[in-house]
Amino acid sequence: MRLSAIAERLERLRPKSLPEAGLLTYPIGAVFCAHEAQRCKFTDRVDLPDRWQVELKEAIAAAGALARGKRPSESSWLSVVHFNSALHRIDVGYERLIKHITGRRSSRFDVLEPLARRARVPGSMLELWRKVRQHEVNRLKHQTGGALSGQRMSFQEMVKALDALVRLLEARL
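Take any residue in the sequence shown, note its place counting from 1, add 38, and you have its number in my numbering.
No wet-lab data here; the hints were simulated from the structure.
Virtual Cβ for every residue (Gly too), placed ideally from N, Cα, C.
Heads up, some of the hints might be wrong.
[Unchecked claim] Taking lysine to aspartate or glutamate and the EDC-like style, the derived pairs with C-alpha atoms no more than 20 Å apart in a straight line are:
#1 Lys-198 x Asp-82
#2 Lys-79 x Glu-58
#3 Lys-198 x Glu-46
[Claimed, not checked] Simulated restraints on C-beta separations:
#4 Ala-105 x Ser-42: 42 to 52 Å
#5 Glu-208 x Asp-88: 19 to 29 Å
#6 Arg-210 x Thr-182: 32 to 42 Å
#7 Ala-103 x Leu-153: 20 to 30 Å
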């Protein structure tokens, strides 16, 4: 699945209310962030013991550029920033849509997931959301070192989760 095809599908959606409009902003942002990650030459990472040192060096260089009023140069760190932003936006997109579908306000996956199943959200889509939230986003939010070590979701897996979110939006809007 190409990002441009996902963007085209999002462009065709026509929300009829403010809440429905709010369902589109994060997935559109996720497509943008994924596009930027590709533009910055994102490459899938495996568990390399010194990866954190490379990313830290590039992050510090980016801070230096920002301190001088410059845009950080494209780097593997910047591509990861965009990749992580796409993951966060995909997670929020699923959460908002599942809340919309179920009429519940909880933000907890363990509360929303069974309600979504009862509302006939396909299990495969919920599994993709689970992987984005629990394996990636929660690790980024709650673990010191975040995703600087360990296996990461691949770019194609992220695009697959985004595509599934957009399919669910298409079906429910």
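Hint check results:
{"no.": "1", "hint": "Lys-198 x Asp-82", "result": "holds, 15 Å"}
{"no.": "2", "hint": "Lys-79 x Glu-58", "result": "violated, 33 Å"}
{"no.": "3", "hint": "Lys-198 x Glu-46", "result": "holds, 16 Å"}
{"no.": "4", "hint": "Ala-105 x Ser-42: 42 to 52 Å", "result": "violated, 35 Å"}
{"no.": "5", "hint": "Glu-208 x Asp-88: 19 to 29 Å", "result": "violated, 43 Å"}
{"no.": "6", "hint": "Arg-210 x Thr-182: 32 to 42 Å", "result": "holds, 37 Å"}
{"no.": "7", "hint": "Ala-103 x Leu-153: 20 to 30 Å", "result": "violated, 45 Å"}
Checked against the numbered hints above, the structure breaks hints 2, 4, 5 and 7 and satisfies the rest.
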